[in-house]
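Listed in order, the protein sequences are those of chains A and B.
The first sequence lines up with residues 4 to 279 when you count with our numbering.
The second sequence lines up with residues 62 to 406 when you count with our numbering.
Wrong hints could be hidden among the right ones.
Simulated coverage check for chain B against chain A, where a stretch passes if three residues somewhere in it have a Cβ under 8 Å from a Cβ of chain A [stated by the list, open to error]:
id, segment
1, 123-132
2, 157-164
3, 307-317
4, 330-341
Since the hints were derived computationally from the structure, they do not count as laboratory data.
Fair warning: this is a prediction, and the values are worked out from it, not measured in the lab.
For every residue, glycine included, the Cβ atom is placed at its ideal position computed from N, Cα and C.
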Amino acid sequence: MAANPYQPDLATVEEIIEETPDTRTFRAVFRDPELRESFTYEPGQFQEVSVFGVGEATFCLTSTPTRPGVVEFSVKQVGQVTTALHEMSPGDMVGIRGPFGNWFPYGEWKGKRLLFIGGGIGMAPLRSLLNFCLDNRADYGPIDLIYGARTPQDLCFRSEFDDWRSAPDTRVFLTVDRGDESWQGNVGFVPAYLMDLAPSPANTIAITCGPPIMIKYVLESLEKLNFAPEQIYTTLEMKMKCGIGKCGRCNIGEKFVCIDGPVFSYAQLKELPPEF
Amino acid sequence: MDRLLPKAALKDWLEWASARYHLLGPVESEDGSRAFAPLSQDRLPVLDNRRSCLPPKEAVLPSCETLFTFDPGDGEPRLLPAGGEFAPTLMLGMKPCDVRSLEVLDRVFLDGRFQDPYYAARRGSLVTVAYVCESKRWSCFCSSVGDPVEWSLAADVALTDVGDGYLASANTSAGEELLGCPAFREPSGDDLARRDVVWNALREAAEPFDPEAVAAAVDWEEPAWDAVAEKCIGCGVCSFLCPTCTCFDIQDETIGGGRVERFRVRDTCQFCDFTKMGHGHNPRPSRRERVRQRISHKFKYIVRQCGICGCVGCGRCVELCPVNADLRGVLSEIVKENGCESVSA
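The task is simple: from the sequences and hints, build the whole structure.
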């Protein structure tokens, strides 16, 4: 990262993957060949992406540092910067600042079972960690992914489902709120599907991200399944500008999501005021 | 190191100092409003007990500041840096609360995992001269949140009015250099005694304040939030005039030739879209949550984050709130509700 944390590095968008009708994944490479080599990050960290003349927005890194050279971020079209990104074509330029924030404490999870629970675009940060763990497969126990979206067309990263399913000791459980004629998987909300599957909390870490309402009910469901708060991790979203704890925007109580987070255990979340 | 500056020699000292420093000090404009502005032989600082309307933070955290310029070039885009070196600046006539506010800003912008390079460059160029107040305005409550004499001694030089002259106490090597000007003379025992009278008066007025006790008293649910939110019109003047409020937005402006200026501009947690996210969710949707954020941040969160109380008791928010939401009353209410007696505001 540049010595000035407000100054982005220039990068070229190499490829844009249409994930869903409103979400695209951008694969970008830094213009500076040295930075392309040296840039690294941790699963769970985020970056600030610039479209010069429009502004900056915060996106988690959805790629894994085990596959260097390219940084990936998934963008749901909701506002000005995200719309400008969606109007881009391969070859266009963006600015990237980061990586910022903390990351999933995967080093403490060696030998444990991992349970990923994602909803919609909330799969983006989980995908970084999931691919990181699959690239270090021997370090972890069985891996289960429960992933849901509104409709089959709203599931992101579909091109990777087969890779995930075929990884050793790895299972993928998909669910949608509304199926269609071709849908073979489960129909129902993520927290309900989680209760149906009733995974054991024994030697397991659960990692969840999705819409705030989904996270809320997933946390409750995990507690019903006897997961301790220390076994549950999530990653939070708040409006951010600087990413470095100065602009005063993303705090929850005394914690800044940009520097103390975005990754929090449920035990840590319970210590914070109920702002999220 | 203590020296005496006869009042008539203030001009000589400033002329001497102007060879080394760009001079800033409180001056009054024609409409009677007061702000820190460049000084000259014809424009001397006003040294009295009245604080400036705008706080001194403008000198270290301008309300609008370019971060860099994006230049698309000729197929070779690049970022042109902004900021850089700043001329050594002497800021005169800072009230004790003004001096303390720089300490708070320093903790936010210089400490922690990231240092803010723009603030650091401006702050590094600044030498400060305090003016110790002899009495308080009706809206001042510095002595409820700390020791204003001690705060003044964090400035490079602290001036105290002792009648015919200013007793100047240098607290740093930069301050000692400033007192090397021939306009100063050795103070008499009477001068020192008079200074101590002013200091002691200010100290005697001080009501001890334990930031941790108030931090403990401020709860997530307070009846006070409803009371303030009912009056508050969300204008944000309390933050814009607050010497320690630091929140900013970052925006882009296209300035021609395809060039884009990225700048930061003052913002406030009191505005409704401050935390509103792109997809519409807003964790602080009403004034109640926004009032809670500002007061809790000043008296609780920043104490835990930076080890310093975020309020310096300058009273600008008290004096200029259009609906008279007096922070002192709010704090008294909170402390009373929680059965804590350590603060009287």
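Evaluation of the provided hints:
| no. | hint | result |
| --- | --- | --- |
| 1 | 123-132 | holds (count 3) |
| 2 | 157-164 | violated (count 0) |
| 3 | 307-317 | holds (count 8) |
| 4 | 330-341 | holds (count 8) |
When held up to the earlier numbered hints, the structure conflicts with hint 2 and nothing else.
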